[in-house]
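Chemist: For the sequence shown, counting from 1, position 22 maps to 22 in full-length UniProt numbering; every step adds exactly one.
Check the hints yourself; a few may be wrong.
What the hints assert, rightly or not - If you anchor each label on the Cβ, the simulated ranges turn out as follows: (1) R80 / D53: 29 to 37 Å; (2) L77 / D33: 27 to 35 Å; (3) D33 / S76: 12 to 20 Å; (4) L6 / E79: 31 to 39 Å; (5) S12 / D85: 17 to 25 Å; (6) E79 / D28: 35 to 43 Å; (7) S12 / R80: 16 to 24 Å; (8) V38 / S60: 14 to 22 Å; (9) D28 / T87: 28 to 36 Å; (10) L43 / T87: 17 to 25 Å; (11) H41 / D85: 15 to 23 Å; (12) T47 / L77: 14 to 22 Å.
Calculated from the structure, these hints are not laboratory results.
Here a beta-carbon is modelled for each residue, glycine too, at the ideal position from N, C-alpha and C.
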Amino acid sequence: MEKPDLFSADCSRCAALCCMALAFDRGDHFDHDKAAGVGCHNLAGFTCGIHGDLANRGYSGCIAFDCLGAGQRVTSLFERDWRSDPTQTDR
Numbered sequence: 001m002e003k004p005d006l007f008s009a010d011c012s013r014c015a016a017l018c019c020m021a022l023a024f025d026r027g028d029h030f031d032h033d034k035a036a037g038v039g040c041h042n043l044a045g046f047t048c049g050i051h052g053d054l055a056n057r058g059y060s061g062c063i064a065f066d067c068l069g070a071g072q073r074v075t076s077l078f079e080r081d082w083r084s085d086p087t088q089t090d091r
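Please model the entire structure based on the sequences and the hints provided.
Modeler: As structure tokens, this is what we get:
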């Protein structure tokens, strides 16, 4: 049995935490400003609505970001997520 790489992101098991929790500023790597705790306006559910076109849309920062697996590990710790319980963004 092959051991999983503990430091690889698995976005399918995450609640889009990088698109919600992190802040970014409009500039060379992001097309708009986003405050921490506010969902990116490109979110569609827990996925990126423009994921296949990030570079062309001005989001090279999203391509470069790697949570190293933290997203799915943090998501798995809790029964609730920020979509089902918006108070989770206050923590």
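Chemist: Hint by hint, which ones does this structure get wrong, listed from lowest number up?
Modeler: 3 and 4
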